Amino acid sequence: METAVRKTAKRTVTLTRHGFDFPLFIAVVAICAFGLVMMYSASYYYGITSHGDGLYFLKRQAIFFGIGMVGLFLLSFVKFTFYKNGVINILAYLGVLGLTFLTLAFPPVNEAKRWIPLGFFNLQPTELGKFVLVISLANIMSRRVNMQNLIVGIVPCLIVLVVLCIPTIMQPNLSMVVLYALTTYVMLYLGGTKRSHRLLLIVLGAVVLAALIMLKGYRSGRITSFINPESDPTGSSYQSIQSRIAFGNGGLFGQGLNFSRQKLNFLPERENDYISAIIGEELGFVGMLGLLAAYFFLVWRGITIAARCPDKFGKLLAGGITSVLAIQVVLNIGVASGALPSTGQTLPFISYGGTSMIVFLSAFGILLNVSRYTEVVSKNAKRSDE
Amino acid sequence: MGPDIQRRALSQWTRTTTISASRGEILDCEGEVLATNGNVFKVVIWPKQMGDSDRERIAAELSRLLNLDYTTVLKRCTSEQYQEIVLKRQIDAATRDAVDALKLGAGVGTVSDSKRYYPMGSLLSQVIGFTNVDNRGQAGLELSYDEYLSGTDGKQIAETDSSGNLLAYGTREYIEPINGDKLILTCSSVMESYLERALKEAVEVNNAKSAQGIIMDCRTGAILAISSQPGYDPNDPPRSDMELLNQLSRNRIAADVYEPGSTFKIITLSAALDSGAVTKNSSFFCPGSSNVNGESIHCWRHAGHGSQDLTEAAENSCNCAFMNMALSMGKEKFYDYLYAFGLGSSTGSGLIGEASGIVTHEKYITDNDLARIGFGQSIAVTPLQLCSAVCAAVNGGELHRPYIIDRIVDDKGATVFSADTTPIRRVISESASKQVREILQSVVDNGTGRNCKIEGYAVGGKTGTAQKYDEYGRVDQGRYICSFIGFAPVNDPRFVCLILVDEPQVSSIYGSTVAAPFVKEVLEDVLRYSGVKPTEGGETVEIPDVSGMSAEDARAALEELGLSAVCQSNDEIISQLPAAGETVVKGYQVMLFTGIDPEDEETEQKSYVKVPDLKGKTPLEAYDMLRKLGLVLVTETDDPAGFCYKQDISPNNVVEVGREIKAFFRFEGQDE
Numbered sequence: 000m001e002t003a004v005r006k007t008a009k010r011t012v013t014l015t016r017h018g019f020d021f022p023l024f025i026a027v028v029a030i031c032a033f034g035l036v037m038m039y040s041a042s043y044y045y046g047i048t049s050h051g052d053g054l055y056f057l058k059r060q061a062i063f064f065g066i067g068m069v070g071l072f073l074l075s076f077v078k079f080t081f082y083k084n085g086v087i088n089i090l091a092y093l094g095v096l097g098l099t100f101l102t103l104a105f106p107p108v109n110e111a112k113r114w115i116p117l118g119f120f121n122l123q124p125t126e127l128g129k130f131v132l133v134i135s136l137a138n139i140m141s142r143r144v145n146m147q148n149l150i151v152g153i154v155p156c157l158i159v160l161v162v163l164c165i166p167t168i169m170q171p172n173l174s175m176v177v178l179y180a181l182t183t184y185v186m187l188y189l190g191g192t193k194r195s196h197r198l199l200l201i202v203l204g205a206v207v208l209a210a211l212i213m214l215k216g217y218r219s220g221r222i223t224s225f226i227n228p229e230s231d232p233t234g235s236s237y238q239s240i241q242s243r244i245a246f247g248n249g250g251l252f253g254q255g256l257n258f259s260r261q262k263l264n265f266l267p268e269r270e271n272d273y274i275s276a277i278i279g280e281e282l283g284f285v286g287m288l289g290l291l292a293a294y295f296f297l298v299w300r301g302i303t304i305a306a307r308c309p310d311k312f313g314k315l316l317a318g319g320i321t322s323v324l325a326i327q328v329v330l331n332i333g334v335a336s337g338a339l340p341s342t343g344q345t346l347p348f349i350s351y352g353g354t355s356m357i358v359f360l361s362a363f364g365i366l367l368n369v370s371r372y373t374e375v376v377s378k379n380a381k382r383s384d385e
Numbered sequence: 000m001g002p003d004i005q006r007r008a009l010s011q012w013t014r015t016t017t018i019s020a021s022r023g024e025i026l027d028c029e030g031e032v033l034a035t036n037g038n039v040f041k042v043v044i045w046p047k048q049m050g051d052s053d054r055e056r057i058a059a060e061l062s063r064l065l066n067l068d069y070t071t072v073l074k075r076c077t078s079e080q081y082q083e084i085v086l087k088r089q090i091d092a093a094t095r096d097a098v099d100a101l102k103l104g105a106g107v108g109t110v111s112d113s114k115r116y117y118p119m120g121s122l123l124s125q126v127i128g129f130t131n132v133d134n135r136g137q138a139g140l141e142l143s144y145d146e147y148l149s150g151t152d153g154k155q156i157a158e159t160d161s162s163g164n165l166l167a168y169g170t171r172e173y174i175e176p177i178n179g180d181k182l183i184l185t186c187s188s189v190m191e192s193y194l195e196r197a198l199k200e201a202v203e204v205n206n207a208k209s210a211q212g213i214i215m216d217c218r219t220g221a222i223l224a225i226s227s228q229p230g231y232d233p234n235d236p237p238r239s240d241m242e243l244l245n246q247l248s249r250n251r252i253a254a255d256v257y258e259p260g261s262t263f264k265i266i267t268l269s270a271a272l273d274s275g276a277v278t279k280n281s282s283f284f285c286p287g288s289s290n291v292n293g294e295s296i297h298c299w300r301h302a303g304h305g306s307q308d309l310t311e312a313a314e315n316s317c318n319c320a321f322m323n324m325a326l327s328m329g330k331e332k333f334y335d336y337l338y339a340f341g342l343g344s345s346t347g348s349g350l351i352g353e354a355s356g357i358v359t360h361e362k363y364i365t366d367n368d369l370a371r372i373g374f375g376q377s378i379a380v381t382p383l384q385l386c387s388a389v390c391a392a393v394n395g396g397e398l399h400r401p402y403i404i405d406r407i408v409d410d411k412g413a414t415v416f417s418a419d420t421t422p423i424r425r426v427i428s429e430s431a432s433k434q435v436r437e438i439l440q441s442v443v444d445n446g447t448g449r450n451c452k453i454e455g456y457a458v459g460g461k462t463g464t465a466q467k468y469d470e471y472g473r474v475d476q477g478r479y480i481c482s483f484i485g486f487a488p489v490n491d492p493r494f495v496c497l498i499l500v501d502e503p504q505v506s507s508i509y510g511s512t513v514a515a516p517f518v519k520e521v522l523e524d525v526l527r528y529s530g531v532k533p534t535e536g537g538e539t540v541e542i543p544d545v546s547g548m549s550a551e552d553a554r555a556a557l558e559e560l561g562l563s564a565v566c567q568s569n570d571e572i573i574s575q576l577p578a579a580g581e582t583v584v585k586g587y588q589v590m591l592f593t594g595i596d597p598e599d600e601e602t603e604q605k606s607y608v609k610v611p612d613l614k615g616k617t618p619l620e621a622y623d624m625l626r627k628l629g630l631v632l633v634t635e636t637d638d639p640a641g642f643c644y645k646q647d648i649s650p651n652n653v654v655e656v657g658r659e660i661k662a663f664f665r666f667e668g669q670d671e
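Chains as they are written, first to last, in numbering that gives the first Met the number 0: chain F, 0 to 385; chain A, 0 to 671.
Note that these hints are calculated values from the structure, not bench results.
Model, not experiment: these values are computed from the prediction.
Every residue gets a Cβ at the ideal spot worked out from N, C-alpha and C, and that includes glycine.
One should not assume that every hint holds.
[Unchecked claim] Simulated restraints, written as ranges between beta carbons of each label pair:
no. : chain 1 : residue 1 : chain 2 : residue 2 : range
1   : A       : Tyr173    : F       : Phe119    : 45 to 53 Å
2   : A       : Glu158    : F       : Phe119    : 33 to 41 Å
3   : A       : Thr15     : F       : Val206    : 48 to 56 Å
4   : A       : Thr77     : F       : Arg197    : 51 to 59 Å
5   : F       : Ile226    : A       : Ile177    : 41 to 49 Å
6   : F       : Leu208    : A       : Val85     : 47 to 55 Å
7   : A       : Tyr69     : F       : Val206    : 51 to 59 Å
[What the hints assert, rightly or not] Which residues of chain A face chain F? A partial, calculated answer using Cβ under 7 Å:
no. : residue
8   : Ile4
9   : Ala8
10  : Trp12
11  : Asp160
12  : Ser161
Taking the hints into account, I'd like the entire structure generated from these sequences.
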């Protein structure tokens with residue numbers, strides 16, 4: 000692929016706009032619809048006990064979904080080359096950075112300052128930051144720099160990453176830092192960096208991560224309880240044990256829609272970070288496989304779009320958006336099923352949360368736009384082109 | 000789900016509430032209730048279902064209302080270990096309402112509970128025993144039959160959310176408690192009351208330390224009454240004084256051994272007659288002492304009884320004659336009889352703490368000991384063993400296992416266990432038994448048992464006076480156990496009654512004067528109560544019809560015939576017992592019943608009681624005290640906890656039964 004990218008870069012690219020990518024669009028809407036049903040089921044009891052209204056979370060999520068769909072449509076009509084504009088990119092990056100710093104000025108929720116209260120909902124700037132990061136990296140890497148060179152190619156990318164990570168780690172939000180870093184790594188891979196450099200980055204990343212974990216006591220506690228959940232069943236292991244009970248209760252085919260027991264406030268964050276556990280409990284292992292298949296379809300479409308985009312920036316943009324989605328799905332389900340230590344990442348398109356919903360739908364609006372400029376390759380033509 | 004996760008899941012999804020099984024009742028042979036349950040409540044907490052911020056408030060409120068220590072309550076409220084904790088048991092309805100009114104959330108609840116009541120008070124207290132606050136048996140049958148009485152608690156399992164709120168659509172599983180089985184005793188509360196009355200009198204009249212008594216049906220081995228006085232009230236056992244409680248609740252008839260003395264001669268006599276060592280015509284000479292192996296053993300009458308036949312020897316309770324009988328049978332033969340009579344081993348009655356007595360192995364005894372055993376020394380038995388052995392001696396020669404549980408019936412009425420007479424072995428022949436009866440009747444008619452003679456009935460019996468020993472095994476001067484064992488009727492014996500008076504402090508210390516009159520009293524009452532008609536001896540008369548007469552006229556008419564009468568009032572007689580035409584012995588007491596005027600009914604039935612002092616009592620205690628007297632407790636509902644400080648009718652005022660007594664409760668130091 001690296002050679003392919005280079006070839007493309009030498010060519011003068013002509014971007015021809017073609018039809019709308021309905022399969023991807025339908026898949027996104029279908030996952031959102033499924034998500035609304037599951038989120039409603041997961042949040043109903045909590046809504047009653049916390050707000051006296053079982054529909055509380057559904058109503059709000061429906062509004063977020065509506066706003067997100069508007070964003071998706073609008074951005075799908077904005078030609079993606081718009082984001083190549085350096086000024087716009089820098090403004091967006093500085094905006095997100097500023098907003099992230101701004102969160103620190105507000106009172107903490109659950110001992111973390113991650114949100115800016117806007118009255119109707121709380122804005123989580125780092126959700127936005129994921130895709131601003133993707134755009135920024137795509138811009139840097141597509142500007143004819145030699146990605147084989149550590150200093151010229153990789154270091155600017157790392158600076159972009161690290162600067163964005165500073166306020167994020169101050170929130171503190173380690174899982175977001177991890178997500179940023181993983182996304183950056185995938186994009187550096189897509190951008191054609193040397194394997195040896197990437198290995199260096201892996202070692203560096205591991206050292207930094209270890210340092211950050213050692214820095215804060217609760218993080219190492221999470222690691223301990225990840226390794227041995229029985230060490231603190233009512234404390235740091237509580238969520239993961241409750242999540243396991245949910246998956247266990249679901250079994251192969253689940254208890255059936257609405258029949259989760261763990262959503263009766265046993266499992267914290269059931270409508271949010273741990274919604275996949277409720278899905279596992281109600282729809283079982285089979286339901287979870289179906290959900291993973293749907294996400295796999297999105298990822299596959301995203302990879303296809305990236306591969307067929309004639310523009311290097313478009314390629315990196317599509318690849319970045321897709322990798323954010325993929326990494327986040329893996330992180331969320333991995334945490335819920337106890338395969339990864341406890342962190343707080345939403346399940347895209349499904350978890351309750353305004354910023355996440357709106358930002359992901361908007362990002363997929365961008366992806367849908369990139370998709371309109373792919374080289375249409377018929378099965379026969381594809382072979383002759385190679 | 001893995002089993003570990005499954006266990007954790009089920010325990011957090013459900014809330015289990017224990018539903019106490021009702022403890023089985025204890026009834027006497029006529030269905031009279033001896034032990035039953037009253038409805039009370041208990042306070043239960045579920046610590047995991049309390050909000051973290053609520054715990055201190057809950058602990059403060061509950062400790063105040065239930066009069067418990069705050070730190071203890073708080074500790075229980077924060078317990079991680081238990082799902083359910085019973086905070087306080089046996090609270091009354093008013094306190095229950097007060098707890099409910101506090102609305103302390105899902106973590107606190109009140110559940111019905113029960114408290115044991117003994118309607119007959121101290122009657123049969125050593126047999127029945129008592130329970131602790133958790134309704135577990137602690138003494139007597141309550142302890143030994145706890146397994147049957149306690150039943151199996153039920154459960155209610157309900158699905159809840161994480162805060163313990165019941166789910167609207169959740170399933171609830173109800174496992175019904177299996178109530179305890181009923182014990183039906185062979186005892187009769189009427190006979191028991193005769194015995195206990197006589198024992199109390201015996202203690203009082205003789206200024207004695209205590210008195211024990213037992214009545215057995217010698218045809219079956221059923222224990223009809225059993226008591227040790229002084230007793231205690233199982234409704235309120237003296238729990239604070241463990242030593243006293245142990246002493247009072249000890250069933251000494253079965254648990255204590257003593258040297259029986261002359262009453263034991265019945266055993267020697269039976270063995271000697273059955274073995275053929277003596278006949279009714281054998282003659283004995285008593286010079287006042289016998290020389291056994293060079294040791295001179297005195298007869299109780301140092302002057303001696305001179306020449307006497309077997310019956311006279313028994314009438315005189317002559318030690319020399321009985322030494323002679325024991326020696327002539329020889330060790331081996333006499334011991335066979337001792338063991339056959341069940342001595343030296345527990346009778347198997349099932350009474351708690353039954354002792355087996357002390358019968359020294361024949362290898363280790365000398366002829367001197369053997370001679371002493373002949374008149375009831377150098378051997379130790381329990382009163383129950385002796386009574387059971389005498390039953391066998393007089394009932395035709397068969398030993399039956401004594402028993403006190405007649406039936407055990409489960410909650411649904413099905414019989415779980417039914418006791419029947421258990422013949423163990425034939426000890427002596429029918430004819431030997433008949434001779435024993437005749438000789439023992441003669442003891443009562445002409446000999447040392449004269450004080451047990453009952454007008455109109457043939458009674459047999461034997462006195463006994465035994466020395467007590469101190470802790471070093473030396474004879475303790477001036478400390479005696481006087482006893483008498485009697486049976487009736489002689490021809491067809493039914494009742495055997497043994498009474499022991501421990502350490503009487505009167506001038507004449509003999510079984511014949513200290514114990515026999517009380518056996519007489521008991522046997523007379525028992526015979527009449529069980530409808531045994533007096534037939535033998537005495538002049539008989541036919542009872543006239545006195546109905547329609549005024550009470551005074553009726554009494555006069557009866558007294559003219561040599562009968563006595565008891566009567567409730569001076570109205571017209573409407574009924575009598577026994578009925579007209581029945582033949583009774585002179586001196587018999589006829590019961591006369593008078594009509595009750597409907598107008599007077601209320602005044603007739605009204606009886607008066609003294610108001611007790613309720614000061615310092617908890618509402619439950621006050622309720623119990625008043626209930627016992629037939630009075631009603633009225634409390635101010637707003638604060639029904641604490642201790643009584645005021646009552647509207649002051650103590651010792653006499654009021655009619657059913658009167659409401661208003662009482663006021665508060666915590667110490669609280670302002671009025």
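Hint by hint, here is what the structure shows:
1. At about 48 Å, the CB distance of A/Tyr173 to F/Phe119 agrees with the hint of 45 to 53 Å.
2. A C-beta distance of roughly 36 Å is found between A/Glu158 and F/Phe119, which places it inside the suggested range of 33 to 41 Å.
3. At about 51 Å, the CB distance of A/Thr15 to F/Val206 agrees with the hint of 48 to 56 Å.
4. The hint said 51 to 59 Å for the Cβ distance between A/Thr77 and F/Arg197, and at roughly 53 Å that hint holds.
5. A hinted range of 41 to 49 Å holds for the C-beta pair F/Ile226 and A/Ile177, which are about 47 Å apart.
6. Taken as a hint, the range 47 to 55 Å holds for the pair F/Leu208 and A/Val85, whose Cβ atoms sit roughly 51 Å apart.
7. Separated by about 54 Å at the C-beta atoms, A/Tyr69 and F/Val206 satisfy the suggested range of 51 to 59 Å.
8. A distance limit of 7 Å between C-beta atoms decides the matter here; for A/Ile4 the minimum to chain F is near 5 Å, and the interface restraint holds.
9. For A/Ala8, the suggested interface contact is upheld, since its CB lies about 5 Å from the closest CB of chain F, less than 7 Å.
10. Of the supplied interface hints, the one on A/Trp12 holds, with its beta-carbon coming within about 5 Å of a beta-carbon of chain F, less than 7 Å.
11. Restraint check, A/Asp160 versus chain F: the minimum CB separation of about 4 Å is within 7 Å; hint holds.
12. For A/Ser161, the interface hint holds, the least distance from its beta-carbon to any beta-carbon of chain F being 4 Å, beneath 7 Å.
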